[in-house]
Amino acid sequence: MPELVLQLTRAGFLALLWIFVLFALRVVRSDIYGAAGLRSLVGGGRSTGRGGRGRAARQLLVTAGALAGTRISLDSRPILIGRADDSTLVLDDDYASTRHARIAPQGDDWYVEDLGSTNGTYLDRAKVTGPTRVPLGVPVRIGKTVIELRS
Amino acid sequence: MSADVVGAPPADGAAPPPPADRSTGRGIELVLLALAAVIVTFALVLVEANQEEELTRALLYVGAAYLGLFAVAHLAVRKFAPHADPLMLPCVALLNGLGLVMIHRLDLAAAERADALGRAAPTLLIQRQVVWTAIGLALFVGVLFLVRNHRTLARYGYTAGFAGLVLLALPGLLPSSISEVNGAKIWLRLGIFSIQPGEFAKIFLIVFFAVFLVQKRELFSDAGRTFLGMELPRARDLAPLLLAWGLSVGVLVLERDLGTSLLFFGIVLVMLYTATGRVSWMVIGLAIFMAGGAVAYQLFGHVRTRVQVWLDPFADFDGSGFQIGQALFGLGTGGIGGTGLGAGRPDLVPYAESDFMLSSLGEELGLVGLSAILVVYLVLITRGLRSALAVRDSFGKLLATGLSFTLALQTFVVIGGASKLIPLTGLTLPFLSYGGSSLVANYALVALLLRVSNAARTPLPHRPAKPAAPIAEAGTELVERPS
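Protein chains in written order, with this note's numbering: chain W, 1 to 151; chain X, 1 to 483.
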């Protein structure tokens, strides 16, 4: 094979390898920004008619317990918390019930509701008896797990 | 986790919009698989051209067959795990494809040498490896088909632990005639083919540890006394760790396999650390591992040889240091840009196709190509760990962490060994190296990772929300974070 062709194909192959790598890293990047809520890939979903209103909760963050660090992006669907497999947040906590609590949106606010759990749900220090509004950043305690809403 | 469903609740309180038709990434996966097929075909053409073989249209058919094989895997992912991570399968496909091309290239070199020496042509490794790839992909599809939800695995935790233990211990206990190849008793020779049960054992043991740690997490978090700012565990809670340590030393002694021993103990330590978040477990674990290593160095000749070769491969270049010495020369010959595929002499290193795949690739692709391959590994591993972060149950988190960390540790140990960063161990580079058991087991491992990532990325189930109060009647309220 001529030397020139050899050199060109050699460089071309390495370039092709790196194109694959860069393409993959691009996907990683867009995924990270998408999940962190920094940029929406869906587009337009959140900027419509929301200017000037109070900050809305966009994420549910587990701050303590076995699942600490887990984030769940919030949309209009309620979040079920408990030991049941089909819960949104599945707890493996001896102090949690199968269907422990639900956090659901009402308009722009989120309300936590205890679903008849054995050990109760606490908003900050107060036991939750009926549907109670959850302000941003206030800890909701379920067994050993603590969750917060974040904007 | 749903990556980009961050849309806020509808402002007008009307029925929520239908679940966003967000991209599941399957399109990206297919594009990347096609790109991987182009790269692998290009690599094959370069090898044939540089080895002065005839360039025929058959090469394109080989590339198409490769793409077809992974298209089947892609369709299986599309069917059984539609929300799975889009990057893992293409990364695996590229690594496996480059491995196959390199094995074929070393086959050509071996045939040429046999021809020059007037010996009979050696067996072609590539044929076997292609068969193993097909078996691996079949198992990949099978795992995706059978394990529909990773949480079902949690039910078989203790069964998996038992199976893993048996597979790990079996070669060490069987007579050497069945299990020994080149000094390491890690094989099961079953007539025409042989397997390394340890490769499968690691997956079973990770499943077991994940189940065990979810159930007994509290046990490992109980505080003992504090020492140097670390909370030490109580002495009686050390028993499971010591058991794992004993097992890994047993593997080292009975099977003379440093790699599996290191891998196994590393997995236990990292999963324990992940479950408890306590640094003291790592410190204790590393301390007793080093103690075990020091004793093994004193007692066993094969460990001592490995360490001496690592410290100075050129002291006995024509003997025990030959392999690693040649590998280092190979990497040096490759330099920054490499010699070009098929234009180097990677076949000068003994076992260039398995333990020393790194130096073969390094010689022909150079630092530039080798770093690309390392980044592909990095992407694969970080995507696994990311699934572990995103999945919403403890078992899935521990399982995905264990599986991705296995890939990471194995890659590190092999690359470190072949580049003389750490003593050489007998492991294979996942997906790249020649070796059926490793390839098939790693396909099962990636299938499980995809299963977890599917659970992590599936959008939340849509439940019709109760009609909310009309926004006109609701009071406007400024929400402040309490400080």
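The hints are simulated quantities; they were obtained by calculation from the structure and are not laboratory data.
The beta-carbon is built from N, C-alpha and C at its ideal position, and this holds for glycine as well.
Hints may contain errors.
Claimed, not checked - Okay, the calculated beta carbon distance ranges per label pair:
1. X:Ser419 to W:Val28: 18 to 28 Å
2. X:Phe412 to W:Arg29: 40 to 50 Å
3. X:Glu53 to W:Gln7: 18 to 28 Å
4. W:Arg26 to X:Ser419: 40 to 50 Å
5. W:Arg29 to X:Ser177: 47 to 57 Å
6. W:Pro2 to X:Leu286: 32 to 42 Å
7. W:Phe23 to X:Glu53: 26 to 36 Å
8. W:Asp85 to X:Tyr297: 41 to 51 Å
9. X:Leu219 to W:Val28: 28 to 38 Å
10. X:Leu60 to W:Phe23: 16 to 26 Å
11. X:Ser176 to W:Phe23: 17 to 27 Å
Those earlier numbered hints the structure runs against, lowest number first
2, 4, 6 and 11
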